[in-house]
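Colleague: If you want the building blocks of each chain, they are given just below.
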Amino acid sequence: MPRITLEPRFQVEYLSILDSDGNLDTALEPKLAGEDLRALYRAMVLGRRLDERMVRLQRQGRIGTFAPTKGQEASQMGSAFTLRRIDWMVPSFRETAAMIWRGWPIEKLLLFFAGHLEGGQPALDQHDLPITIPVATQLPHAVGLAYAAQYRGDDVVVMAYFGDGATSEGDFHEALNFAGVWHVPVVFVCQNNQWAISVPLKKQTHSRTIAQKALAYGLPGIQVDGNDVLAVYAAAREAVDRARAGDGPTLIECVTYRLGVHTTADDPTKYRTDEEVAMWEQKDPLTRFRAYLEKRNLLEANVEQRIDEEIAEAVRRFESAPPADPLTMFDHVYAELPADLKAQREAMAAREPAAPARTGEMPPPSPTPMRGQRLTRR
Amino acid sequence: MPRITLEPRFQVEYLSILDSDGNLDTALEPKLAGEDLRALYRAMVLGRRLDERMVRLQRQGRIGTFAPTKGQEASQMGSAFTLRRIDWMVPSFRETAAMIWRGWPIEKLLLFFAGHLEGGQPALDQHDLPITIPVATQLPHAVGLAYAAQYRGDDVVVMAYFGDGATSEGDFHEALNFAGVWHVPVVFVCQNNQWAISVPLKKQTHSRTIAQKALAYGLPGIQVDGNDVLAVYAAAREAVDRARAGDGPTLIECVTYRLGVHTTADDPTKYRTDEEVAMWEQKDPLTRFRAYLEKRNLLEANVEQRIDEEIAEAVRRFESAPPADPLTMFDHVYAELPADLKAQREAMAAREPAAPARTGEMPPPSPTPMRGQRLTRR
Amino acid sequence: MPKLNMVKALNLALFQAMERDADVLVLGEDVGVDGGVFRVTDDLQRKFGSQRVIDSPLAEAAIIGTAVGMALYGLKPVCEIQFSGFAFQCFHQIENHCARYRARSQGRFHIPMVIRMPYGGSVRALEHHSESEEQFYAHIPGLKMVIPSGPRNARALLAAAISDPDPVIFFEAKALYHAAKEEVPEESETVPLGRAQVAREGSALTLIAYGAMVRVALEAADVLRDEDGVDAEVIDLLTISPLDRDALVTSVKKTGRAVVVHEAPRSFGPGAEIAASIMDGAFLSLEAPVRRVAAHDVPFVGFAREKANIPDVPRVVAAARATLAF
Amino acid sequence: MPKLNMVKALNLALFQAMERDADVLVLGEDVGVDGGVFRVTDDLQRKFGSQRVIDSPLAEAAIIGTAVGMALYGLKPVCEIQFSGFAFQCFHQIENHCARYRARSQGRFHIPMVIRMPYGGSVRALEHHSESEEQFYAHIPGLKMVIPSGPRNARALLAAAISDPDPVIFFEAKALYHAAKEEVPEESETVPLGRAQVAREGSALTLIAYGAMVRVALEAADVLRDEDGVDAEVIDLLTISPLDRDALVTSVKKTGRAVVVHEAPRSFGPGAEIAASIMDGAFLSLEAPVRRVAAHDVPFVGFAREKANIPDVPRVVAAARATLAF
Ligand SMILES: Cc1ncc(C[n+]2csc(CCOP(=O)(O)OP(=O)(O)O)c2C)c(N)n1
Ligand SMILES: Cc1ncc(C[n+]2csc(CCOP(=O)(O)OP(=O)(O)O)c2C)c(N)n1
Ligand SMILES: [Mg+2]
Ligand SMILES: [Mg+2]
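Residue numbers (the numbering used here), protein chains in the order written: chain A, 1 to 378; chain B, 1 to 378; chain C, 1 to 326; chain D, 1 to 326.
Hints were generated in silico from the structure; no laboratory data involved. All C-beta atoms, glycine included, are put in the ideal place defined by N, C-alpha and C. Be aware that a few hints might be false.
[To be verified] Computed cross-link-like contacts, DSS-like style, restricted to lysine-lysine with a CA-CA straight-line distance of at most 27 Å:
#1 A:K202 with D:K47
#2 C:K254 with A:K342
#3 A:K342 with C:K253
#4 D:K3 with C:K253
#5 B:K70 with B:K270
#6 A:K270 with D:K307
#7 B:K202 with C:K47
#8 B:K342 with C:K307
#9 A:K202 with A:K31
#10 B:K270 with C:K181
#11 C:K307 with B:K270
#12 B:K270 with C:K3
#13 B:K70 with B:K202
#14 A:K342 with D:K307
#15 D:K253 with A:K270
#16 C:K47 with C:K3
#17 A:K270 with D:K254
#18 B:K295 with B:K70
#19 C:K181 with C:K47
#20 B:K342 with D:K253
#21 B:K342 with D:K254
[Unchecked claim] Footprint (simulated), chain B over chain A, 3 or more residues, beta carbon under 8 Å:
#22 12–18
#23 74–82
#24 171–180
#25 217–230
#26 251–258
Bound-form chain A, shown alone:
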């Protein structure tokens, strides 16, 4: 055998269902109930409006730096929508829309971005990890969660989010490799928004797609139009079902665009052109989906207005939160405070002005999730 091409040839697919001109591939159109489509739209609009409100809050100094979602609502919601409450969502730091959808109270997220760790505490019955800042480090956690679920026999799928830049980190590689070897129920959702702060995709990697990186781990990889919520949903549905059935992990690349700043500390005019942004504004995921719903007569009246009210109320609740009690910084270092830390706490108590009442202690985490009939097909 001299020089041969190894079979099977490796391939990666691209999926688009509803394009920016409103063309719909009816054969691939997912069969979602009207109520689901409305819920999806509401969540996307909430993401967009909250984003805008948060930028203002940040400019006013009421919250600190955060990373806006604008433009990526379809990538986030099309994928997160496929999860059940018992499934796990592992966010990066830009998944505001999806996190709210999963159950984070808006005021809690605002508190988080106002520098209160309380805002990072998931509820007891919430299967969500908190925001992870160091890029790509959350991906092995997702694989570990999926392993644990499989180990326990729980009917659970894990979905993990990250950006195009994250694919350069060693943790991305190691996580996908472990997922492949362990064949665990995890779906990796890359929001390829073309930029990692100021670094464009072509300086990030010489591979043509992110999806093809799946080939390195023997995983299925698919590229979807990430501004097409129907396509994202369809790809995620397929991946989640595959994971649930015991058929292992998938890498989904959502080709999308960050329409806003990287974070509120960023000035994108330094590195990209207005034309580029304008071009992507034509592909806005909201416009496209709204037109689709309109055509199907599913658009609710006053949805934006009602969402704005919801946000306004949450902002009011956020603003009435008590100031941070410094002494609580000792509450969650260890299960039991060692002697030294106790002394540090006492010293602080002696020097800090009388602090507002402590927020209630956290009850112990919930017991093992239910055990179901999980099968691994490998």
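Here the structure of chain A is known, so what remains is to put chains B, C and D with the ligands in place on it, guided by the hints.
Modeller: Quick look at chains B, C and D with the ligands alone, frame taken from chain A:
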């Protein structure tokens, strides 16, 4: 555009020229001069015989733990043989045969494995990095060397070695990704010897080949019969020429087998069968190449004997090396010894018994290598 | 009681923890079929299966990172890093996540995991196989850092570490793996983390050590008794962090003098915190500065020079004498 | 002399080093087109091209690892890690290779590289954007660890670090980037690494600080003078490692008392080495234990609680008073 397969389809080739039954693909047979073929064979035999000698030295306690080459001589020599002296070799820890070929005196390597750092000092005119123990960490160094060569306009190629296990590390991923983006003259040679200590390839990664991992970085990847020195040479030649021409990096997977222990501290009977080893012994790279040379009437008389003598002399030189002077541990921490370390050195001098004479100071490293006309085609 | 060396004692602790609690998993490079390069996990995979004793791919960050995920789910992974010299590959997962998840999630999650690693000199090994990196972990809030000094306390401390609801870095001195056997009770035994032990009582001077250096300190104490008629107290820290400052201060209030011994490089090393803590708590009792006997501030020296770098009995004795003569 | 803030002063040092020496390269995330998230590398790519000012992919280990390769070839890379909190991702490359290549190759190679990172609190930032990790580097033999305290010494120290034949970890306090302007001479200026400076002379007590804490120490000295009539000496370390023990000992021999201030967590932190070194060298002059004012031994606290965690003037003053009253 609904669901489509992205073109071009990704593909990876497999190359074999001289198989274990002695079949030769004459169309692909590299055009190597008789003297080159003999040199290749000598280097491979030297690797094998030195290996055996070192195992005995280790058993006698005259050197410490080391990682034998046995079985991988073709992978190492077929690739290293394509380098010129001005090119750089970046070894892992198992490239004894290739390191000797590159110019490491045998006694120096022995000294290294006897716990003397002197053995890790490359000569001034040698473009070789010393042994790197932490798996895969040398790969970004290779990329940096290649970048520097390209930056300076030097006509230099860098070849880096690593194992199948190394491909799981984040550093492997990051290095290949940087190499792809920077399009630098580096050749990555993976000696896939089927095992990473006790972990077989199928527990290391779920990808079918190591070569296909190149697709994740937009690089050419090729799998070769790593026990076929002609095939390894041909693949490496092509990759080195491509790098030199400014056409960027390549990943070569040499499918080979570690016939011996992982290191002298290892007991492979715990994790693999005698039958497996016997099966691979049939594919021994030396046997196959020897038969080829015989057929071509290129075999030298007494080559094994002359090599054994060369080794014996080196062992004698190694054994007459002076004992280690502990005080030299302060010589190469910084260019200039800070006050504190000076004090630590003096304290040691006061307590250690009279030490043997210091070995000569190292002259400063050679100036910039020559600048040539390098072009990057991208 | 059977007499076990440290390898067998650790193996026993793992075996019993796994028998008792199905949530305990073992994860690392070569821990399964091979039983670990030092055989600490020997036979566990045969007993508990390859889903619970996992031969991972070669990637330290993912070993720790996936274990964090398992811990978040409620499991209790015990990870092995093959040599402590390779743990810098996963240092970001340890610092960013193991140590912080309880705080980040304000108690919603915690990380009941153990990271075992062989550390220290003595096995005639190559670079990165003989260093002592405990300082790096001791400085990270949210972690515990434990180093046993013999088979029996190794077993008890490992059992305690596995039961602990917080992440524990567990260093095992290679020098001690086969150094000595001790009687180790069959029924499971734990000792509380965070407590030092008086390994030998004395009144003239306190020698403070941990891991493989405890033996060196004890031998130095013998020499001081035999040659100088001096009665040295030896404290075995067992837990490096949180540091048992009370035990140190109590001893030095009695003896007035102290010498710290460790294999890590001297500068910015654990001895500095120990010395500073003693100064904090026993300043008025101190008759001499707390001296440190440590490795030099140099990178790996090669095993041909290792003996000259790692503290030995003569250096400890000399430091003790200088302290006594101050 | 132009008045520059620290960002501009650092930018000037980089610009001049690159102008003088074609072997100097800049490498990191967003250092090129964007000029760095804090603009320290602003305009360099326009001036020197994208081959010399390299916008790297998002991978810290490869930034440092490839820079090691460049340094082995003879170049002088200046790497930026976007925030010190993300340097654990490349900690293995720093510890395994930057710090050791000179020793490993017995002088055949050396690593003339600089790793710049913003560190410390004050920018109302998210997790990993406000921590102080200097201790981790100070404990690694083979590295130098430098932290300037103002625009002028930042410029001079960065210039010295780039000329230094050995690897230098260079921390830049975010709190100082825009805090104040200073006259910075246009012609290039260096100060020797490894030397502390007396930032203010005094006789009653020595305050030891570095980076953003120098200002806190100086203000505390003002309070002590104004309210207590006490004359505190303030030492600005500038280089953390190798530590200028002579400067510390000389000062404390004069004052008899010392307080160390740093943003890193207290336990096993840099203050421990400083305190222990002072005890070593000035034991008989010490009238009180060396006190440490530091962040607490807790992980990230969120910026709403940051002020309560990082040392401030009242805490330093209180520690000084307690030390004086001892
Ligand atoms: C390990 C690490 N390095 C650097 C950073 C700083 N940083 C935050 S976001 C970001 C870019 C991320 O790009 P991408 O993964 O594409 O996600 P996006 O921001 O586009 O959503 C960088 C460099 C970080 N948070 N973590
Ligand atoms: C970062 C790191 N982790 C673990 C080890 C211990 N170790 C040494 S060799 C080895 C296996 C390497 O396997 P592979 O890359 O296939 O190379 P081979 O030994 O087969 O040549 C391991 C785990 C190491 N040296 N470095
Ligand atoms: Mg992005
Ligand atoms: Mg291998």
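Colleague: Now look at each hint and say whether the structure bears it out.
Modeller: Evaluated hints:
1. Taking the CA atoms of A:K202 and D:K47, the gap is about 22 Å. The hint holds against a cut of 27 Å.
2. Of the pairs offered as hints, the one joining C:K254 and A:K342 holds, with about 25 Å between alpha carbons and a cut-off of 27 Å not exceeded.
3. Between A:K342 and C:K253 the alpha-carbon distance is near 22 Å, which keeps this suggested pair within the 27 Å criterion.
4. The straight-line distance between the Cα atoms of D:K3 and C:K253 is roughly 54 Å, outside the 27 Å bound, and the hint therefore fails.
5. Of the pairs offered as hints, the one joining B:K70 and B:K270 holds, with about 19 Å between alpha carbons and a cut-off of 27 Å not exceeded.
6. Note on A:K270 and D:K307: the hinted pairing is violated, with a Cα-Cα distance of about 33 Å set against a maximum of 27 Å.
7. For the proposed pair B:K202 and C:K47, the alpha carbon gap of about 22 Å is at most 27 Å, so the pair holds.
8. A hinted pair counts as satisfied when its Cα atoms are at most 27 Å apart, and B:K342 with C:K307 qualifies at roughly 19 Å.
9. Only pairs whose Cα atoms come within 27 Å are accepted, and A:K202 paired with A:K31 is rejected, the gap being roughly 36 Å.
10. The straight-line distance between the Cα atoms of B:K270 and C:K181 is roughly 25 Å, inside the 27 Å bound, and the hint therefore holds.
11. Between C:K307 and B:K270 the alpha-carbon distance is near 33 Å, which puts this suggested pair outside the 27 Å criterion.
12. A hinted pair counts as satisfied when its Cα atoms are at most 27 Å apart, and B:K270 with C:K3 qualifies at roughly 25 Å.
13. Taking the CA atoms of B:K70 and B:K202, the gap is about 22 Å. The hint holds against a cut of 27 Å.
14. Restraint check for A:K342 and D:K307: the C-alpha separation of about 19 Å stays at or below 27 Å, so the hint holds.
15. Under the criterion of a C-alpha separation no larger than 27 Å, the hint pairing D:K253 with A:K270 is inconsistent with the structure, at around 53 Å.
16. For the given pair, C:K47 sits about 22 Å from C:K3 by alpha-carbon distance, which is consistent with the 27 Å threshold.
17. Between A:K270 and D:K254 the CA atoms are separated by roughly 53 Å; this puts the pair beyond 27 Å, and the hint is violated.
18. For the proposed pair B:K295 and B:K70, the alpha carbon gap of about 24 Å is at most 27 Å, so the pair holds.
19. A threshold of 27 Å between alpha carbons decides the hint, and for C:K181 with C:K47 the separation of about 24 Å falls inside it, so the pair holds.
20. For the hint linking B:K342 to D:K253, the alpha-carbon distance of about 22 Å falls within 27 Å, and the restraint holds.
21. Between the alpha carbons of B:K342 and D:K254 the distance comes to roughly 25 Å, so the proposed pair stays at or under 27 Å and holds.
22. For the stretch 12–18 of chain A, the proposed coverage by chain B is satisfied: 6 residues have a C-beta within less than 8 Å of a C-beta in that chain, meeting the threshold of three.
23. Counting residues of the stretch 74–82 of chain A whose CB lies closer than 8 Å to any CB of chain B gives 0, so the stated coverage by that chain is violated, three being the minimum.
24. Closer than 8 Å: that is the beta-carbon criterion, and the stretch 171–180 of chain A has 6 residues meeting it against chain B, so the requirement of 3 holds.
25. Judged by the Cβ-Cβ criterion of 8 Å, the stretch 217–230 of chain A is covered by chain B as claimed, because 4 of its residues qualify and three suffice.
26. Evaluation of the coverage hint for the stretch 251–258 of chain A: breached, as 0 residues show C-beta separations to chain B shorter than 8 Å, against a requirement of three.
Checked against the numbered hints given earlier, the structure breaks hints 4, 6, 9, 11, 15, 17, 23, 26 and satisfies all the rest.
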